[in-house]
Amino acid sequence: MAQICLDEIAHSYLPFAKTDADYALKRIHNIWDDGGAYALLGPSGCGKTTLLNIISGLLKPSKGRVKFGETDVTDLPPEKRNIAQVFQFPVLYDTMTVFNNLAFPLKNRGFDNAYITPRVKEVARILELETVLHKKAEGLGADAKQKISLGRGLVREDVAAILFDEPLTVIDPQLKWQLRCKLKEIHEQLKLTLIYVTHDQVEALTFADQIIVMYEGKIVQIGTPQELFEYPNHRFVGYFIGSPGMNFLPCTMENKQVRVGGFHIPVDDHTAALGNRATGSLELGIRPLYLKIHVQETAGSFQVPVQSVEDQGSYRVVTLAFADQIIKARIAENDPVPGSMAWVSFPEKWIRLFENDHLLK
Amino acid sequence: MKKWQDNKGWLFILPVFIIVAFSAIIPLMTVVNYSIQDIFGPGQRIFVGTEWYKEVLTDQRLHDALWRQLLFSGLVLLIEMPLGIAIALTMPTKKGLGSSVCLVLIALPLLIPWNVIGTIWIIFTRPDIGLMGALINDMGWSFDHTASGLHAWITLMLMEVWHWTPLVILLAYAGLRSIPEAYYQAARIDGASAWAIFRYIQLPKMRGVLTIALLLRFMDSFLIYAEPFVLTGGGPGNATTFLSIYLVKIAVGQFDLGPAGAFSLIYFLIVLLFCYLFYQVLLNVGKGESS
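Chains as they are written, first to last, in our numbering: chain A, 9 to 369; chain B, 22 to 312.
The hints are all genuine.
Under 8 Å between C-beta atoms, here's a sample of chain A residues computed to sit facing chain B:
1. S64
2. L66
3. P85
4. P86
5. E87
6. A92
7. Q93
8. F95
9. F97
10. V99
11. D102
12. T103
13. M104
14. F112
15. P113
Hint data in this document are derived by calculation from the structure and do not stem from the laboratory.
Note that beta-carbon positions come from the ideal geometry of N, C-alpha and C, so glycine has one too.
I would like the entire structure built from these sequences, with the hints used as guidance.
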């Protein structure tokens with residue numbers, strides 16, 4: 009079906025939306041490639057599900073057009089669009105067997121049994137549901153139920169995109185991982201466009217090629233996991249992605265140095281030039297992972313008091329007081345743990361500057 | 022110490038046991054007591070064993086009343102269940118003034134006492150002054166529930182359907198409202214027709230409440246007394262003499278406490294048996310279905 013094009017989409021649940029605040033979605037304009045694995049990531053209530061329902065056709069946007077390739081599908085009902093949707097809670101036809109559940113979308117579209125039976129068996133094989141094919145869907149586990157929901161999408165050969173609305177919420181952790189692998193496998197096998205809504209960044213980062221970060225009804229950034237991590241477009245992305253989130257320190261420019269409180273942090277020429285050009289309020293951002301923590305004085309480091317050290321298993325999070333601010337740093341399990349004082353240095357490569365919450369670049 | 026020897030647990034169920042004893046077991050045992058004795062007056066009674074049971078079970082008038090009763094309950098279920106579901110499906114789905122007004126209007130008949138319902142319909146169907154009765158007679162058909170058994174039945178069915186379908190509607194509506202939106206969304210994407218949505222989503226999801234509706238409607242209609250009593254007192258002839266009306270005639274009219282006791286127990290067991298059967302069937306319907 010080629011790509012999905014969202015042309016100036018906006019949506020409000022109110023009949024007469026006036027101000028910007030009335031809109032659940034505010035001006036989304038984007039093109040998503042065919043065969044990509046996209047994750048829609050954002051906090052609860054940011055409009056992810058609304059956007060998903062607009063793509064699947066369950067909602068008609070208040071403004072804008074949805075196009076699949078060259079076809080305008082804005083006015084088409086969901087069954088006429090070549091999409092399938094998997095919901096947060098498994099939706100099954102309880103009284104039917106697994107086979108009949110999978111066959112249901114085909115039967116509704118008037119295919120005959122000679123076509124349906126092999127097709128359903130094929131999908132059951134991909135999803136490893138062959139053994140339960142003639143059992144009632146009702147008695148199965150949550151993971152099998154979600155697979156059936158997914159299978160109802162996969163049986164239709166015309167389906168070009170599958171939309172997932174937080175499909176792993178009700179699944180046990182270790183099964184979650186298995187199911188996610190299965191999804192990736194299916195994606196590679198069938199080359200379908202997958203759009204995956206989640207508020208879990210780990211899920212998004214492991215699943216998708218491209219992550220779409222949403223915040224208050226807007227898309228704030230689209231990029232690969234690495235791009236989001238290294239160059240967060242917006243303060244929100246920096247904070248939302250990564251654990252713990254990015255450190256932000258209000259700062260001012262002094263020639264080639266960034267001044268935070270009483271500290272002068274050197275930056276490279278490019279960053280300094282960006283900072284000197286900026287007119288709005290400046291903030292220095294750096295990932296906790298990239299902060300260097302030393303247990304004794306080293307060149308170019310600042311001595312600061314340690315507030316706490318938390319053991320997170322494979323790494324430790326060190327909380328430091330830095331010029332009346334709190335910053336967090338992430339150190340490896342085997343690194344020396346600082347005492348009441350630590351020396352922290354800011355590698356030039358990883359320093360980002362933000363002007364009015366937006367990345368300078 | 023074995024579990025049954027630990028007596029403290031009994032203290033917890035004692036209050037319930039006492040309440041049930043007074044509300045059900047003791048009255049029931051009095052009936053059992055009546056049903057095996059011939060009572061002439063205070064202090065004058067003789068033990069007759071199963072004689073009353075034999076008499077009651079071979080009573081032709083009781084057989085007639087039982088068939089009448091089964092036909093009545095059968096018709097009630099056949100009309101009220103589909104009608105109730107159908108009306109519930111057409112009710113507004115969104116919360117708001119519309120659905121609230123609908124619910125209140127629909128529930129109104131349920132708030133009216135049984136005998137008042139009977140009185141309302143007597144007047145409503147009177148051939149001389151009743152709105153419905155007079156209208157039908159004016160159209161050239163003679164309609165009189167006191168003269169024709171069929172007309173009495175029609176009046177009674179109308180009354181029953183008007184009075185109790187709202188209960189089925191309310192239960193079915195509650196069942197429909199509890200279906201998550203995602204089911205309808207998935208069905209739309211799967212391209213399901215309205216019939217398929219009803220057959221595979223709404224009906225299975227309503228099974229629990231419909232079972233309750235069916236049991237309640239069966240029991241109530243099987244035990245119907247006040248409406249036919251007020252309408253024609255069981256007439257014309259014996260046309261609307263249902264089990265309970267016949268029972269009251271024996272117990273209060275003729276003061277035959279022995280046969281009435283035996284009758285009551287048999288009546289009770291029939292209701293119990295039917296409810297059990299319905300419950301089992303509905304519990305297992307659709308299970309073990311395979312393609």
